[in-house]
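Enquirer: What follows is the residue order along each chain.
2 protein chains.
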Amino acid sequence: MRRKGILIVISGFSGAGKGTLIKRLTAEYDGYALSVSATTRQPRPGEEDGREYFFLQKEQFEQKIKENGLIEYACYCDNYYGTPRDYVESRLAEGRDVILEIEIQGARKIKEQYSDALLLFVMPPSAAELRHRLVGRGTESGEVIEKRMKRAAGEAEGIEEYEYIVVNDDLETCVRQLHEIITAAHNTPQRNREFIENIRTELEGEK
Amino acid sequence: MRRKGILIVISGFSGAGKGTLIKRLTAEYDGYALSVSATTRQPRPGEEDGREYFFLQKEQFEQKIKENGLIEYACYCDNYYGTPRDYVESRLAEGRDVILEIEIQGARKIKEQYSDALLLFVMPPSAAELRHRLVGRGTESGEVIEKRMKRAAGEAEGIEEYEYIVVNDDLETCVRQLHEIITAAHNTPQRNREFIENIRTELEGEK
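Residue numbers (the working numbering), protein chains in the order written: chain W, 27 to 233; chain U, 27 to 233.
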């Protein structure tokens, strides 16, 4: 079977460890590409254009919106953030699985346009563990932690829209699980139409 | 997450190697149980009641049909074959993944009753390879081989009703793939309702 790239959307509670998971997944296994977002916010020290983000001017970003050059976009704190279509599609065409870390609103927009996209939701083993991790970071104020826990309650409402959940208890196990789920997803009939049609045509000749 | 057993239906072309695959899967990995069918045909030498089949009298079998004691059944060559419901359900209750090798008509009946059942379809890498294997067995006449190839063409029409296809090219790879697909299937939101509800309740308390 010729393997086509899958667009993979990863969502999950803040504090569930999505970032670390994705970093490990792409480092340990071949065939993945990370989507690079476009943004109008200023680069921070050490950030490089085309690596952390594509840094655009507001006018450039709005031009991209007009041209349908973004799969999805949103505005936070007066800055645009979005997913450039050409970058994602060229990686998929290479046969790579493209990973997008995004929230549920973005995930929905992606599923509308790419029905074959794979939607994954990362969860902590429990709400208590989520709080424990947020506190353990030591970088968040009590107020921010409360806000994140409340947001998690809202995010939890959309879990059924995802195809798989992954529980991040042990990091190693979770990375392997993530990879296995994605590998399995390559084996749906919908993602192997060409292979199935070929074998059908061959079998028709046998009739 | 507490792991519940999944009812796994394995179909595929005759000659695709389903039997060998299933034998290897259940031998190499824990947590599986093979469904044992009931039949009214005579036991063959070496066959044991409750191992290869549950051997029943015609009246006993028809009584089971009446009592809704069979998940599905069919009649071939004047003999009944069917899947006893209690055997399957008690294995599932133990948390085991129960494997059922069955054709598409049976697979449909199972999906109607067990919407969480996982339907897998085993394929050869090509029609030419399928013919090659059937010929290679040396036990089938030319006529039987032609019949099986024709049947495969019919069976190929239903592939989209299955959730995953597995290509049996290399046996070892295929057994591992099968196991990974089943492992991944345990991670759908539908199969983890209790875990998701628990975390929601916990998070509600945070609001």
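No lab work stands behind these hints, which were simulated from the structure alone.
Possibly wrong hints are sitting among the right ones.
Any copy will do: because identical chains look the same in the list, a pair fits if it lies in one copy or spans two.
As the list claims (entries may be wrong) - EDC-like, lysine to aspartate or glutamate: derived pairs with alpha carbons at most 20 Å apart:
#, residue 1, residue 2
1, K137, E189
2, K135, E169
3, K173, E228
4, K137, D112
5, K84, E181
6, K84, E115
7, K30, D104
8, K30, E186
9, K30, E189
10, K135, E85
11, K135, E223
12, K176, E230
13, K30, E73
Enquirer: Now tell me if each hint is right for this structure.
Expert: Consistency of the hints with the structure:
no.: 1; hint: K137 - E189; verdict: both (11 Å within a copy, 19 Å between copies)
no.: 2; hint: K135 - E169; verdict: neither (31 Å within a copy, 54 Å between copies)
no.: 3; hint: K173 - E228; verdict: between (59 Å within a copy, 15 Å between copies)
no.: 4; hint: K137 - D112; verdict: within (17 Å within a copy, 40 Å between copies)
no.: 5; hint: K84 - E181; verdict: neither (29 Å within a copy, 56 Å between copies)
no.: 6; hint: K84 - E115; verdict: neither (23 Å within a copy, 60 Å between copies)
no.: 7; hint: K30 - D104; verdict: neither (37 Å within a copy, 46 Å between copies)
no.: 8; hint: K30 - E186; verdict: between (26 Å within a copy, 18 Å between copies)
no.: 9; hint: K30 - E189; verdict: both (19 Å within a copy, 18 Å between copies)
no.: 10; hint: K135 - E85; verdict: neither (23 Å within a copy, 58 Å between copies)
no.: 11; hint: K135 - E223; verdict: neither (30 Å within a copy, 26 Å between copies)
no.: 12; hint: K176 - E230; verdict: between (58 Å within a copy, 8 Å between copies)
no.: 13; hint: K30 - E73; verdict: neither (31 Å within a copy, 46 Å between copies)
Violation of the numbered hints given earlier is confined to hints 2, 5, 6, 7, 10, 11 and 13; the remaining hints are satisfied by the structure.
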